[in-house]
Amino acid sequence: MKIKINHIDKIEGHMGFEASLFNGNIKEAFVDVLEGARLIEGILRGRPYQDIPVINCRVCGVCPVVHNMSSIKALENALGVKVDKVVILFRKLLMLGEIIQSHVVHIALLSGPDFLGETNDLKLIKKYPKETELAFSLRDFSIKIMEIVGGRAIHPISTEVGGFKVLPNKSKIEEILKDCDKNLKSALNFYSFLAGKVKLPELETELRPVSNSSKEEYNFYGDDERIISGQGLDMSLEKFYGTIKELQKPKSVVKETELYNRHYFVGALARMLNQHELLNPEAKKLFKKLPQDKIKSNQFYNLIVQWIEVVHAIEEIKNICEKLLSLNIPRSSRQKIELREGEGIGSVEAPRGTLIHYYKIGKDGRIIDSNTITPTAQFLNDLEHSLKIYLLQIKDLPDAERALKIKSLVRAYDPCISCATH
Amino acid sequence: MEDKKIKIGIFSLTSCEGCENVISTKPRELLKAIEGVELVEYKFLEDEPMRWEPFDVAFVEGSTITGKNLEVAKKARQYAKIFVTLGNCAQFGGIHKMKNYRGKEKLAAEIYKYPKTIENNEVMDMEDIVKVDYNIPTCPINPKEFLRIAYDLISGRKPIIAQRTVCYECQRRGYECILMKGEPCMGPITLGGCGAICLKSKMPCEACRGPYEGANFDSHFKLIDKMAGKKRREEILEIFGVKDKIEKIMKEKKQKTK
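These protein sequence lines are chains A and B, in that order. Sequential numbering of the first sequence, starting at 706, is according to my numbering. Sequential numbering of the second sequence, starting at 2, is according to my numbering.
Hints were generated in silico from the structure; no laboratory data involved. It is possible that part of the hints are untrue.
Heads up, incomplete: computed chain B residues facing chain A, CB under 10 Å, no partners named [claimed, not checked]:
1) Thr-15
2) Val-23
3) Arg-29
4) Leu-32
5) Lys-107
6) Ile-198
Pulled from the structure, derived: some chain A residues nowhere near chain B, Cβ distances all over 12 Å [claimed, not checked]:
7) Glu-723
8) Val-786
9) Leu-964
10) Pro-986
11) Lys-990
12) Ile-1000
13) Glu-1027
14) Ser-1031
15) Ile-1094
These stretches of chain B come out as covered by chain A in the derived footprint (C-beta under 8 Å, 3 or more residues) [to be verified]:
16) 16-22
17) 39-52
18) 88-99
19) 118-128
20) 202-214
Predicted model only: the values in this text are computed from it and were never measured. Just so it is clear, CB atoms sit at the ideal spot from N, CA and C, and this is done for glycine as well.
Starting from the given sequences, assemble the full structure and let the hints guide the process.
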């Protein structure tokens, strides 16, 4: 039996799916990436380092901030640039805005509808007007944060190697802070709706969750440059970068990765499994109510824990704003950069998981070599593996119903094919 | 009964999908705009395959990197009464066009193990592929401009983009001139409409909205070349793929004056 889905809509980018079964067993199952090669890693070579974050954020229009941030961090490592506490707080604020923005789109528009029995959002919006408004208002909040800190919602402008070209003044921080409680309430209300309405399918796979970690806080910024996994792995970012292998199949524009010859996964569920003890109070309460045995083996829970991250992010935004108000904020935080030869790796947690950028810079400040390892490239292998297991459960369903189930698992992973092909 | 609803399709080629994401940042306004409109394609919101039948307005985002992208662009042109590019990638090829300038075969061989198995077409301006009726410029598009133009098209009006430069808009807002401070800013030769949003954050304009046709390119480039060199000037204009278009306009202008 052959199963083929030409195009999976409602994900970032373009992909399809193919599988074949023989005597009730899966012979093969793979995702088919339908994106063109943009060759962005190649485009960067030869360019001055200042252009890199500007170009690289355009790898993805849903999570541009994290591409911008991990490029900047990698370049700062290569150039030996240190940034101060205020800059890091602003960067975290900007990233949390994007985490909310991306997760809300994924949950409310892309993946969530699969589990509410209506994949056409325009119909869904009519069915749940109150919840739609909650999601919209949370998205407004996140966009406002990105506009205030980054200068624009999609593709940030003010960020650069060394700091920010301009920084918002305290009245803007107060504006964000003032909205936090209201939005936290909206997020909790939406969570009750989600947890009550959404019925997730059963799935049992072996999960190897990988993410950035820090001892201080539930980490997105990658402060400690350490990568951990649920299997007890704990290594420096540099060692992790050297340990994972990028594979390429003929015709494929995505380089999937392996860790010790095995698939692993990154993303909200991986972060949650690795760092849940560091969640903020309201988010932690929600996490504790989840069926703990199931979340360790069922990728569909990615959807639910993304929303727990939304709750956590709002609590964290409040903390950061309060901290910033107690500090002296300069109008700009630009640094004079001394050029030097060097290599640097930078990593942050994108909404979809661990994102890594690598650059080698010449003494003229131009890029000699570059590499980008995106979350989707890292979990695509794991997704294919889960699809094989899930297919066995649903193989006898009618075609249309089975196709929808396959798509729903793909969408729950929240793949970004634009990112993966870069 | 005959269906009189206006039919609109939003098509996505190879891109970052940021423009589609921008549209969804104003969801209430978007829903209001598409009240009484039939969306024949918008894969961000629905999961149904496109049926190719005549429709009214095609908004096309992204550049034509694959053969399939080219086919979608041509089909959208064939079936739509009005063809509109959405964002810099569709209009000028976007950041992807840099691969043309750097030698795309060489780049593919640097990056991939099996470069010959990968589709790697020349990235082109949309106006060189199909007849384009309107452009909604910028990387990424700004939501207000999109909604204004979409409203105009839905109501059967001709959308207009005011012909003025980014530099003019920057000065009117009283932003500090970073060109005078020695940063190579393309504001004086770039079509306005963005409200000089980059200059607000002290980022020099890199011409993502494309050239303002009435600009004095020669004199501005002389200034930039003195400041940062010709190589850097060309590099900047390559970021958003507008270099070719500017060269085309300059050539036409020279021929006219002859």
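Handout entry: Indices of hints not satisfied (ascending)
Key = When the structure is compared with the hints, none of them turns out to be violated.
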